[in-house]
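S.K.: What follows is the residue order along each chain.
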Amino acid sequence: MIANYGCEDGSGVYYIRIDTGKCGDCQLRGCVGGCPRELFVIEEDDWGDEMAVVREDRRRTLQAACAACKPQDRPPDPLPCQSACGRQAIEHSW
Amino acid sequence: MADGHIEKVEYWRWEESRWKNPEIPDWRGSLVTAGVDIGSTSTQAAIMTDGQLYAYASIRTGSNSPSSAVDAMNWALEGTELTPADLHYTVGTGYGRVNVPFADSTVTEITCHAKGANYIYGPTVRTLLDMGGQDCKAIHCDENGAVTSFMMNDKCAAGTGRGMEVIANLLAVHVEDIGEMSFRIDAEPPPVSSICVIFAKTEATNLMRSGWSKEKVLAAYCHAMALRVARLLERNEMQLDFAITGGIAKNSGVVKRIERLIGAEALRTDYDAQIAGALGAALMGKALHEKKGGKSGRRREGG
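Those protein sequences? They're chains V and B, same order as listed.
Residues in the first sequence are numbered from 2 upward in steps of one, following the numbering used here.
Residues in the second sequence are numbered from 230 upward in steps of one, following the numbering used here.
A hint or two may mislead.
[As the list claims (entries may be wrong)] Derived BS3-like pairs: lysine-lysine, alpha-carbon spacing no greater than 30 Å straight-line:
(1) B:Lys479 - B:Lys430
(2) B:Lys430 - B:Lys443
(3) B:Lys445 - B:Lys485
(4) B:Lys443 - B:Lys479
(5) B:Lys520 - B:Lys237
(6) V:Lys71 - B:Lys479
(7) V:Lys23 - B:Lys521
(8) V:Lys23 - B:Lys384
(9) B:Lys520 - B:Lys430
(10) B:Lys445 - B:Lys237
(11) B:Lys445 - V:Lys23
(12) B:Lys520 - B:Lys485
In case anyone wonders, no lab produced these hints; they're calculated from the structure.
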């Protein structure tokens, strides 16, 4: 499943996309410790499988939460969360 | 005005409804499952017997979510001779899913809407637009109603049922009349703000002052709402067939404008599209009950 967490507002479109098909059987869970803002947590989905999700209380403020990792002059590629994910399951929409 | 006081009309208040399937005369001996969808503005309870829709009720969510769940379920049960003790498995869903006091488990509304849409519209649905009270979701699903991707926007009430209620109250137009009224115009006006419902409300007030008719303002608002959800659909790469669930599915003013913007017709149904979440929850209840080896028969003597 492709899960898009985030929102659109007057300033732009801010979604973090997680391919749960890639992360479903990941044992390393690098995303949880790899994000300096601790945006990722592991939760059970509706079928009882564990997968990474973006914390519910941060989904409307991703632009601000990710700003420190995305300096406008030279954003790192890949981002810290993407580096930490061994499955290349994380993408940002902005 | 009567007896010296002014009667306040609640234009936003949509009609609560209840239905019982006349084609299922008796539920006895069947596996009876239920789903309760507590949304931000409405609550639905659906009852299924052996995977067929038997009865449902749709009411306004009150200030107390557990009471709303109980009220919706009691109303759905009314006239069916079923009691809560006859329900083999109940699933709670929606934003208030943890507040269904009699639920056996909870499932997210994304999963339930996809399952419900699969039941209501058939297995060809691939993209589902759930237009809820305070958020909007674009969901992709497969032929079994399993979610393959989703994207939601709940940052603002613009593009949601609550936004429509705000405009209904502002213009003193019953919310159920908005769709039809919005087409009584000579030419489609430009949309009002689709980013913020407060801006949209201010814009609508100014347009009324500048001489626009209510119909034209409603058209501009429905247009804005359609634009906002069409963008969400495009961003999540829409696939056909396409269907709409949630209360706004009943608003032709929004639905037809979405269809115009995306260049595709939404599937139509005789079911109430607002019950998709509760219906999907009841279907999930059947699957979960069967998974744990449950059978039909009275579950709890004495309830």
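S.K.: Hint by hint, say whether it matches the structure.
M.R.: Against the structure, the hints come out as follows:
1. B:Lys479 - B:Lys430: Holds, because 22 Å separates the two Cα atoms, which is no more than 30 Å.
2. B:Lys430 - B:Lys443: It holds: about 13 Å lies between the C-alpha atoms, which stays within 30 Å.
3. B:Lys445 - B:Lys485: 16 Å, holds
4. B:Lys443 - B:Lys479: 20 Å, holds
5. B:Lys520 - B:Lys237: This hinted pair is violated, its Cα atoms lying about 51 Å apart.
6. V:Lys71 - B:Lys479: The hint is violated at about 42 Å.
7. V:Lys23 - B:Lys521: It holds: about 28 Å lies between the C-alpha atoms, which stays within 30 Å.
8. V:Lys23 - B:Lys384: 28 Å, holds
9. B:Lys520 - B:Lys430: Distance of about 49 Å is beyond 30 Å: violated.
10. B:Lys445 - B:Lys237: 25 Å, holds
11. B:Lys445 - V:Lys23: 49 Å, violated
12. B:Lys520 - B:Lys485: 41 Å, violated
Checked against the numbered hints listed earlier, the structure breaks hints 5, 6, 9, 11, 12; every other hint is satisfied.
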